[in-house]
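Visitor: Residue-level listing of the chains:
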Amino acid sequence: AQKITQTQPGMFVQEKEAVTLDCTYDTSDQSYGLFWYKQPSSGEMIFLIYQGSYDEQNATEGRYSLNFQKARKSANLVISASQLGDSAMYFCAMRANSPNSGYSTLTFGKGTMLLVSP
Amino acid sequence: KAGVTQTPRYLIKTRGQQVTLSCSPISGHRSVSWYQQTPGQGLQFLFEYFSETQRNKGNFPGRFSGRQFSNSRSEMNVSTLELGDSALYLCASSLTAGVRGKNIQYFGAGTRLSVL
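Residue numbers (our numbering), protein chains in the order written: chain A, 1 to 118; chain B, 1001 to 1116.
FYI, nobody ran anything at the bench for these hints, they're computed from the structure.
Be aware that one or more of the hints could be misleading.
Derived CB-CB ranges, DEER-like [as the list claims (entries may be wrong)]:
no.	chain 1	residue 1	chain 2	residue 2	range
1	B	Gly-1003	A	Gln-83	19 to 29 Å
2	B	Gly-1058	A	Asp-26	12 to 22 Å
3	B	Asn-1077	A	Glu-56	27 to 37 Å
4	A	Glu-15	B	Ser-1070	42 to 52 Å
5	A	Arg-63	B	Arg-1009	27 to 37 Å
6	B	Pro-1008	A	Met-11	32 to 42 Å
7	B	Gly-1062	A	Glu-56	25 to 35 Å
8	B	Ser-1079	A	Pro-118	27 to 37 Å
9	A	Asp-55	B	Gly-1003	19 to 29 Å
We treat Cβ as the ideally placed atom computed from N, Cα and C, and that holds for glycine.
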C-alpha cells in the first residue's frame, strides 16, 4: 500500500534559520513523483517542489530544496532562510499507481505545522 | 493565467440535504481531482476525472459523486448530508492524469462545508 509518513506534528524555527521537514514514503512502484505543498490558514494548497523517482539530482526551487534519498525512501523538505510568511501547514505527497485500479493517485501525509518566530 | 476556481467558498447545510460543489480547472488542464480534508482524517482522495471519465475513486460511500464536463469543469455532489461530511473540499487540476513526468496538481482555495 502507498503511504506517506510525516513524523513531526509541529516545528518551530527562528526567522532566517534553515529548517528540515521530514517525510518518508512507501510504495512498490518504481515510477512515482514526490511533492511538497504548503497550506496557510486560508486553506489553499500551494505547490512548492517536485521530485521524480528517476531524477538523479535533488530538486530545488528558490529557498526550497528536497533532500531525496531513494534507498531510505525519504524526501525531506529543506527551507533555507525562514521567513514569517513560511508559517503554515506543510504536506508531503506521493503520486504512484494504485495497485487496485492501475491508475495513479496522490497520497498525502498528515502534515507538519511550521511556526516561524521573529 | 487564472488558477483553479472553486465555488462557493463556504456552505452551510443541514443533515439530509444535498450539495453541489463546482471546480473550474486551470485553462488547458484536463484532469480534475477532488479531496476531502478533515482534522481527524487529513486529506483523503475522493475521485479523479480525465476527459469526462472517472479514472479513479477513493473509499467513499456512493453518496459522493462527481462529473466532468467537456470544458473540463467539474462538479461534485453529496446527497443525504451527514454531520461527518463537514470538511474542506479541495479541487485540483493537472495537465494529465498519469504518474509519469512532472504532473503537478494545482489546488483551488477549497469549499468549506458545514453540516448542521
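Visitor: Work down the list of hints and note, for each, if the structure agrees.
Guide: Results for each hint:
no.: 1; hint: B:Gly-1003 to A:Gln-83: 19 to 29 Å; in the structure: holds, 22 Å
no.: 2; hint: B:Gly-1058 to A:Asp-26: 12 to 22 Å; in the structure: holds, 18 Å
no.: 3; hint: B:Asn-1077 to A:Glu-56: 27 to 37 Å; in the structure: violated, 44 Å
no.: 4; hint: A:Glu-15 to B:Ser-1070: 42 to 52 Å; in the structure: holds, 49 Å
no.: 5; hint: A:Arg-63 to B:Arg-1009: 27 to 37 Å; in the structure: holds, 29 Å
no.: 6; hint: B:Pro-1008 to A:Met-11: 32 to 42 Å; in the structure: holds, 34 Å
no.: 7; hint: B:Gly-1062 to A:Glu-56: 25 to 35 Å; in the structure: violated, 44 Å
no.: 8; hint: B:Ser-1079 to A:Pro-118: 27 to 37 Å; in the structure: violated, 48 Å
no.: 9; hint: A:Asp-55 to B:Gly-1003: 19 to 29 Å; in the structure: holds, 26 Å
Checked against the numbered hints given earlier, this structure breaks hints 3, 7, 8; the rest are met.
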